[in-house]
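The primary structure of each chain is shown beneath.
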Amino acid sequence: MNNKKLRKLILVAILGSISTVLMQFNFPIPAMPGFLKIDFSEIPAVMAIMTMGPVAGIGVEILKNVMHWFLSGSPTGVPVGEVANFVTGVLFIMPIYWIFTKYRSAKGLASGLIAGTVAMAIGMSVLNYLVFLPMYTYFLGMPAVTGDSLYQMIILGILPFNLIKGVMLLAITLMLYRSMEKWILQQQKKLSF
Amino acid sequence: MLEKMIIGRFIPGTSIVHRMDPRSKLLFVFLFVVAVFLANNVVSYAILLGFTAFAIALARIRPYFLINGLKPVIFLIIFTLLLHIFFTREGPVIFEWKFIKIYEEGLRMGIFISIRFLVLVLITTVLTLTTSPISITDGLETLLNPFKKLKLPVHELALMMSISLRFIPTLMDETDKILKAQLARGSDLSTGSIKERVQAVIPLLVPLFVSAFKRAEDLAIAMEVRGYRGGEGRTRFRQLSWHMRDTAVLITFVLLVGVLLWVRK
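Chains as they are written, first to last, in the UniProt record's numbering: chain A, 1 to 193; chain B, 1 to 265.
These aren't lab readings, by the way, just hints derived from the structure by calculation. Given the structure is predicted, the values throughout are model-derived calculations rather than measurements. Check before you lean on any hint, since a few could be wrong.
Result set (DSSO-like, lysine-lysine): computed pairs, CA atoms no more than 27 angstroms apart in a straight line [stated by the list, open to error]:
no.: 1; chain 1: B; residue 1: 177; chain 2: A; residue 2: 4
no.: 2; chain 1: B; residue 1: 151; chain 2: A; residue 2: 4
no.: 3; chain 1: A; residue 1: 5; chain 2: B; residue 2: 265
no.: 4; chain 1: A; residue 1: 37; chain 2: B; residue 2: 148
Derived CB-CB ranges, DEER-like [to be verified]:
no.: 5; chain 1: B; residue 1: 74; chain 2: A; residue 2: 153; range: 22 to 28 angstroms
no.: 6; chain 1: B; residue 1: 34; chain 2: A; residue 2: 122; range: 31 to 37 angstroms
no.: 7; chain 1: B; residue 1: 259; chain 2: A; residue 2: 153; range: 38 to 44 angstroms
no.: 8; chain 1: A; residue 1: 186; chain 2: B; residue 2: 199; range: 36 to 42 angstroms
no.: 9; chain 1: A; residue 1: 4; chain 2: B; residue 2: 71; range: 41 to 47 angstroms
no.: 10; chain 1: A; residue 1: 186; chain 2: B; residue 2: 53; range: 20 to 26 angstroms
no.: 11; chain 1: A; residue 1: 108; chain 2: B; residue 2: 58; range: 31 to 37 angstroms
no.: 12; chain 1: A; residue 1: 171; chain 2: B; residue 2: 60; range: 18 to 24 angstroms
A virtual CB, placed ideally from N, CA and C, is assigned to each residue, including glycine.
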């Protein structure tokens, strides 16, 4: 086994555990439904994307959610929330990868983050409308939310929530990049083949 | 605030459920989660409840830990119960007081769904209370082995999971240390406005990332030196062994499904 491959594997694992730890510091946004919580667990995945590429980023997302499921269990038994969180994460990090690999600079990262935020907000609104909210109500055995009220819930809840989350992650990642730019570049060189 | 987070809820013990192979427990829980949805009348829900109570008794878990596991979801269960009681309007009215009307179907559905919830949470709690995360990982690796043919990197995933599990407590400690160091300088992550929290998180993340990359390098070298070369032909420190009791679990499951299919409407 190649040393760099092993090192990447281990790094993804450790970033995944950082993600899991950060996930514990979640907090709801005032005036939003309680199941929408903000946490900073996407940042290690962005770090993985910047230093090791897309597979590593997705790996961090998978690990984080599997760990979270192991350690705190899921109220529905079926990990709907974890799957939703995974999809959100992937939607957020992939645009960053596409743009950041072409323009390796603070500006490239910023545009990647903006694209990621937009992709996450729009993607999650659509997916919540079609998949996740109906799944939730199904597993909870609640009367299904449909039509106008579902539409409203998404326009007033999911969409602004993901935008706020995206903007917060954007701010943190940019600040982080500004203070660690050289180090990130150095690690990226070390880890690429 | 970190003391509040329990990492993994595993409690060592010697009951028969503790000694079972993680593979059989995992398989059982996955199948059970599906089978729960078969129940649709009083008898079938009663059987599910009775079976869960039986599993808990076999595992000899102290009720305190079970209640602890239920805490995060008890609110959700009560909420769905009330939602059904007040908003499902089918069947005859059984209770009326001023503007509150409770319908028979609402009460019935509410109780059924709450039991479904309770059973699902209790069974997964029994799994996590009696099986250590590391043996869950081992069990998952062997259960997923057939997927290797589909090019799924099962061994690598399991390796990453065990490394991840191994480092969570270490990273918790480290996060705690950094948080305290920041606290001493007057910055606090758990209070303040959103803007303040965002700013407070940067000095926490930088040292965490730097040490993560350093640790990964050290661990990679340590593993190379000891001759790690992937999953092929690797022998194991923790061996899984399948006993009669594990076969019995699966037979019990088949029987349970049979009975459920027989009594459901």
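We went through each hint and held it up to the structure:
Distance restraint check for residue 177(B) and residue 4(A): the Cα-Cα separation of roughly 30 angstroms exceeds the 27 angstroms cut-off, and the hinted pair is therefore not satisfied. Restraint check for residue 151(B) and residue 4(A): satisfied, since their Cα atoms lie roughly 21 angstroms apart, inside the 27 angstroms limit. Using a Cα cut-off of 27 angstroms, the hinted pair residue 5(A) and residue 265(B) is violated, with the two alpha carbons roughly 55 angstroms apart. Pair hint residue 37(A) plus residue 148(B) does not hold up; C-alpha atoms about 36 angstroms apart against a cutoff of 27 angstroms.
Under the hint 22 to 28 angstroms, the C-beta atoms of residue 74(B) and residue 153(A), about 24 angstroms apart, fit the expected range. Checked against the hint of 31 to 37 angstroms, the C-beta distance between residue 34(B) and residue 122(A) comes to roughly 33 angstroms, which is consistent with it. Look at residue 259(B) against residue 153(A): about 40 angstroms separates their beta carbons, and that is inside 38 to 44 angstroms. At about 25 angstroms, the CB distance of residue 186(A) to residue 199(B) disagrees with the hint of 36 to 42 angstroms.
With their beta carbons about 44 angstroms apart, residue 4(A) and residue 71(B) fall inside the hinted range of 41 to 47 angstroms. At about 58 angstroms, the beta-carbon gap between residue 186(A) and residue 53(B) misses the expected band of 20 to 26 angstroms. Against the hinted window of 31 to 37 angstroms, the Cβ-Cβ separation of residue 108(A) and residue 58(B) comes to about 58 angstroms, which falls outside the hint. Roughly 50 angstroms separates the CB atoms of residue 171(A) and residue 60(B), a value that falls outside the hinted 18 to 24 angstroms.
Hint compliance for this structure: hints 1, 3, 4, 8, 10, 11, 12 are broken, all remaining hints hold.
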